[in-house]
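Chemist: Listed here are the chains, written in short residue letters.
4 protein chains.
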Amino acid sequence: MKVAIIGGTGYGAIELIRFLYNHPYTEIEAIISHSQSGERLDSVYPHVTDLVIEPLETLNIDQLAERVELVFFATPPGISKKLAPGFLAKRIKCIDLSGDFRLKSSQVYQDWYQGSAAEQQYLDLAVYGLSEIYTEEVKNAELIANPGCYPTASLLGLIPALNHGMVDPQSIIIDAKSGVSGAGRSTSLNTHYPEMNENLKAYKLGQHKHIPEIEQALQIEAGKELKVAFSTHLVPMTRGIMSTIYVNAIEEISTKEVIEAYTAFYDGHPFVRVRREGELPATREVYGSNFCDLGFYSDQRTGKLTIVSVIDNLVKGASGQAVQNMNLLNGWEPSTGLNYLPIYP
Amino acid sequence: MKVAIIGGTGYGAIELIRFLYNHPYTEIEAIISHSQSGERLDSVYPHVTDLVIEPLETLNIDQLAERVELVFFATPPGISKKLAPGFLAKRIKCIDLSGDFRLKSSQVYQDWYQGSAAEQQYLDLAVYGLSEIYTEEVKNAELIANPGCYPTASLLGLIPALNHGMVDPQSIIIDAKSGVSGAGRSTSLNTHYPEMNENLKAYKLGQHKHIPEIEQALQIEAGKELKVAFSTHLVPMTRGIMSTIYVNAIEEISTKEVIEAYTAFYDGHPFVRVRREGELPATREVYGSNFCDLGFYSDQRTGKLTIVSVIDNLVKGASGQAVQNMNLLNGWEPSTGLNYLPIYP
Amino acid sequence: MKVAIIGGTGYGAIELIRFLYNHPYTEIEAIISHSQSGERLDSVYPHVTDLVIEPLETLNIDQLAERVELVFFATPPGISKKLAPGFLAKRIKCIDLSGDFRLKSSQVYQDWYQGSAAEQQYLDLAVYGLSEIYTEEVKNAELIANPGCYPTASLLGLIPALNHGMVDPQSIIIDAKSGVSGAGRSTSLNTHYPEMNENLKAYKLGQHKHIPEIEQALQIEAGKELKVAFSTHLVPMTRGIMSTIYVNAIEEISTKEVIEAYTAFYDGHPFVRVRREGELPATREVYGSNFCDLGFYSDQRTGKLTIVSVIDNLVKGASGQAVQNMNLLNGWEPSTGLNYLPIYP
Amino acid sequence: MKVAIIGGTGYGAIELIRFLYNHPYTEIEAIISHSQSGERLDSVYPHVTDLVIEPLETLNIDQLAERVELVFFATPPGISKKLAPGFLAKRIKCIDLSGDFRLKSSQVYQDWYQGSAAEQQYLDLAVYGLSEIYTEEVKNAELIANPGCYPTASLLGLIPALNHGMVDPQSIIIDAKSGVSGAGRSTSLNTHYPEMNENLKAYKLGQHKHIPEIEQALQIEAGKELKVAFSTHLVPMTRGIMSTIYVNAIEEISTKEVIEAYTAFYDGHPFVRVRREGELPATREVYGSNFCDLGFYSDQRTGKLTIVSVIDNLVKGASGQAVQNMNLLNGWEPSTGLNYLPIYP
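Residue numbers (our numbering), protein chains in the order written: chain V, 1 to 345; chain S, 1 to 345; chain Z, 1 to 345; chain H, 1 to 345.
Just so you know, these hints were derived from the structure itself, not from any lab. Just so you know, not all the hints are guaranteed correct.
[Stated by the list, open to error] List time: in silico DSS-like cross-link candidates among lysine-lysine, alpha-carbon distance up to 25 Å:
no.	chain 1	residue 1	chain 2	residue 2
1	S	K256	V	K256
2	Z	K256	H	K204
3	V	K2	S	K2
4	S	K256	V	K227
5	V	K227	S	K209
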């Protein structure tokens, strides 16, 4: 199957290219870059020297629709909502790594994204691609809204607990920490090496765009409105997200029981690994891979359950999950082209 | 004033030596090291080459009590409880950087430290040296229990809110993150560079020894029993602690009002800096210094107040605060020998 | 083909397992660990949870020789010289990642390794597995001495220049820099995170065991005795080696000419990438991959040629090259199971 | 003494402010920033919150000359050559941290800096402020050209060997490595955190502007023309420079003899620390301090002497040495306001 990547020079795209390069059933037909068309990818990313040598292209939807069956958008906010409809009209499947189609309510989108949402019909059409949870919906989707990095880690950690009625949906606090690659490749003082090295920063407390995305998904599980307290931090490392999640247990439950419930919930989903009692996952343990590892501590003193969820933000939090969704969409084994060990150390 | 440092080769001691080296009113008379006595400090720490050249000594309490007026303990758990009484009997003031004298209840100590507590008379005698809060008590102390690193950051962030009755004392969640120097100089797989670099680890959820220390101090403010949910994480950096604290506001309060209340509370205490609305402190902004910086976000959506507190774990979280306490004890200006800008970048 | 790994819990082994896990023609039949036999690998390395679940075994040569066709040694110095003969006697091929069989002269081995060398017949038997240079010899080997990490980077950078008679063999200076994983998984003060982070250390100037290995290979090319000045440095990163090499050009030569000569030399060897004029390789550009990237600057002012050679020390500098040698040995495409893009960022 | 800093928002300035803040004999009267005048420094650098609160000013030479006795230039290339003459005309002493006045030959300046040099009379007037070497000249200077970071580390490492006629001046190779703060505060893809973290980069081989500065100083010592091979590398750390220097010994000399010669040479210069035989300095051992530490290895096998020189690039390589020069200029103890222990870890 031939595919195209639009927005070819960001970190999302380059990680997509890494996985597609070895995917047995797909071929990258075109890499589209508005800003650097005509150049070769290896002049932008020297690590692909000799390996990915076709020039970056400008976008021509009509032409591209003839050449490929599926398009990945790894574009900044506001681009895919304009371009995806053109592809969909030609029955080209679209997987969007940006936030343009994740929120069902255009009002909520406008409140949090400070811009106008995609047309409602596309918001309705889009399937939220949290692969382990919406597996069946993804299989039949035309347009997939690939989840955000923080929501992926947070939702995979929380949904089973809500689904089992184990915790109070009104009590959710998510303390999320991310490596700096999550901020993308655009330079800023904030991500300038001497400002970020040997430093730990909190940012956008209670104001991150991923909040409505998390709440939307959790409300479905809880069956009612809820709000989450959500904080984000930048950690001096390149890759990795950890969400440390605090919820009130509805009744006393042991760490062991929680682990059993989660193990059962994720049975048949190899990319979520429920870790043993006493083990807490570290971000390095999923580095470069599509795994989401979950650890638990149920505190009898406070009645709170703490859930630790880690992913590689560029893989399970972006491009790996996009490939997993492509696999589902095509009826392939979900782990096709993703079945690698994490890189350690 | 002549002082001695016992436990002279850990990170706490070496940071103490850094500040005492330039302190105008003190002189380091002796550095005691059980494991490396006879050696020169610069063979253990080459960065002091040519600067601190006296040999490390073995401990002789009687002799040392003749030579110094004050002793700092920068020893592992369980040492100072044995040694401090000998100095106190000779009216030598003691500042203990370990946890031996921090908890008033010997039962609580045993529950969390898995060892027997110091004698009750010394637990009673010890003043908890959180300098900004117990300023007056410290001035008259004989034995100071210098606070732990996590408690210092957490308590300075929480006490004003409890003191003002602004938040529900039963709702406290502290998500704490530390640089790796907090684990000390003893090697372990956990702190081996390739295991810790480009990694983020959660550890000891709900089980850290600093929990009872935090609860003990907060209960005094709240006037009742309370439990805190407390999680700790290792961040790939050497220095710095950030406590991100979540509490339920008792009634609606704006970030601005919180800032005003904290500014008033810490008036006259230059080492606590209440940051402006919209600013969140980063650990690097207090690097190498004795400051504790506080930032706030009061979320009207969730009714929760988030407090971000940062310190340098080796300074305000250990040796800097010990020097500040020594200053208070002697009636000197609290900032004597500590009045430096943070090192940035 | 079934293979075994002896010394299964070091970084060399775990990286070998990463590549073999996806290798199309091999299966890991046994992982041998003296120190942790009986345990599962994922209790030592949690990142393989659910993926590599067989218990670590103790070594029984007779039994193992029945089960496998090839053995990798990822053992500390001095082990393989004792064990490999037993396997060789049973016609099991051996690839040794340690230094035991790299030096042809047992006297030189003793001078640099401070221990007795393997028996001379095995030193004679061993083929030095620098894959691009000794391709044919490796294909027919029984025992492969897989090169050291520094020698791999240094020799791939130097051999073409010597081979072409471009530079003075007596003028070689190699300034080598390594990530900390090169020091292995054993803890030490030197590799303790707070000692190594935000630090750069020179070590073992002129005394590293890799010196005779480099000289032995270069003398073959130069056709005469030579000595290299070789320095090593630890850089605060986990993976990557850079050798910056200084040699005197025999006659004036442009950077462009050097690049042409190297490009021709490495034609047909995809893992060595000769970078374009004006480009210097960075270690991250080969991260996690089996590439060796080379950059050049021929300085007309000084008459010196500077060669910059980068590898991932754990891949091309150890386990990746071992797999490449296994491929050659079996007549498979050299890039089998190694054909991945570097991980960036 | 009142001083002004021009170019107040770069890393050079902020480090100057750190030292001047505690300097006993000086007061910062004005901080000039073209780009951010009117703002407070703590809105640019939050770590000085509550500490440095005067607004940044625009430059008015006439007015400023009334208020201060000395001006520091921490400006980008090409600024001080225009501004310093105005101050000098009013007999205000100038210390320039940029490269504008370092080269005596305007032709050499133009060749390497690609711009026109300062007027020859100012190039002649300027004293090259390598404090330990040109101590007497600095004491009487009106205009001081503060040395570059790489030249400081390299020259302090090399000059005694040349001065003693110990090594061949035509054989000098300097392999220099720097932390990222040396690239300044302006953002670039090169210094974007995810591009620089866990990475090691060579850059500007044989083309760095510091080459003519090094050669100019060495030629004076050698008494003849010479060229150095000089390479630069970016290391994933914020602070620190290491120059690993290779020279041919003129006759056999032991490491011990080298150390004795250097110790004698730097007698009375406390900021250069000659390390013991067998010890090699690491950059962290001078972190935040004005020390330059030197280590040696004389290799009898190759006849080469290797010199390892480390400094903190922002201190001895910039602002610390500027303060040291100010002290010399005023007849104060050279270590005034600089007499601190390095920060470790």
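Chemist: Evaluate each hint against the coordinates.
Modeler: Status of each hint after checking the structure:
Annotation: proposed proximity of K256 of chain S to K256 of chain V is violated, straight-line Cα distance about 44 Å (limit 25 Å). About 16 Å separates the Cα atoms of K256 of chain Z and K204 of chain H, which keeps this hinted pair within 25 Å; it holds. Among the hinted pairs, K2 of chain V with K2 of chain S is inconsistent with the structure: their alpha-carbon atoms are about 78 Å apart, more than 25 Å. About 23 Å separates the Cα atoms of K256 of chain S and K227 of chain V, which keeps this hinted pair within 25 Å; it holds.
A threshold of 25 Å between alpha carbons decides the hint, and for K227 of chain V with K209 of chain S the separation of about 32 Å lies outside it, so the pair is violated.
The structure is inconsistent with the numbered hints 1, 3 and 5, although it conforms to all the rest.
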